[in-house]
Amino acid sequence: MEPWEEEDGPDVVKRFMYVNRRAPYGTIYALECLEVVLIAAAFDQDVSVVFVDDGVYQLKKNQDTTGIGMKNFSKTYRALDDYDVEKIYVEKESLEKRGLSEEDLIIPVEVVTTDNLREIMAQQDVVISS
Amino acid sequence: MSKMLHLINKSPFDRNALDSCLRLATPGSSVLLIEDGVYAAMRHAASADAVITRMKDLKFYVLGADVAARGLDDISLIDGVDVVDYGGFVDLVVEHDVAQSWL
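Protein chains in written order, with my numbering: chain A, 1 to 130; chain B, 1001 to 1103.
Below, computed lysine-lysine pairings styled on DSSO-like, alpha-carbon distance capped at 27 Å:
id, chain 1, residue 1, chain 2, residue 2
1, A, K87, A, K75
2, B, K1056, A, K97
3, A, K87, A, K71
4, A, K97, A, K87
5, A, K75, A, K97
6, B, K1059, A, K97
No lab work stands behind these hints, which were simulated from the structure alone.
Chain A on its own, in the form it takes in the complex (with noise of 0.2 Å):
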């Protein structure tokens, strides 16, 4: 068997989870990794999505970057639920401590506390955080 073949073999569905941390203009990881996320997505595998820390900001409704020069990214999250991105976890500490609640985020998402996240994050193959 060579290294690069799977050895599970090609159809075995893995559980990948994108940890998102940053906010979304101040730098380019929000974005890259929102594209990331589609990508991956096309590929018939487990995703979820998380949103911590900062990174709860992307999620927040009523951006409008048309004074920053900068592309509104903040509604392609709707396409998640059309690529069959349904496991979008967003901590619920990370929201409280920044002011927001569910209310303020232009998707639906499951709000999860420290203690579940922790427990989902340990079920994946693989971890991608930005």
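Guided by the hints, dock chain B onto chain A, whose structure is given.
Just chain B, lined up with the frame of chain A:
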């Protein structure tokens, strides 16, 4: 003593630029929050107390374009924080002797 304009462009939860600025800024100085720094002006955020405490002796401004980009508005902001546009940014730089960017 020179009148200083402090520029903060990092989230208060990601970096300690705001903390350091508030610790070292002399009374009568101004703080302009730009880019991810505008999150520090959010009324209900855990960072608000530190800002409100220094509103007695510092003047706080936010750049409106960065506030709107992040989905925030006047209601989200701490009372007394002034919103400026890019022209206002230039005016602030001109009005102060020194502009310090807390990178």
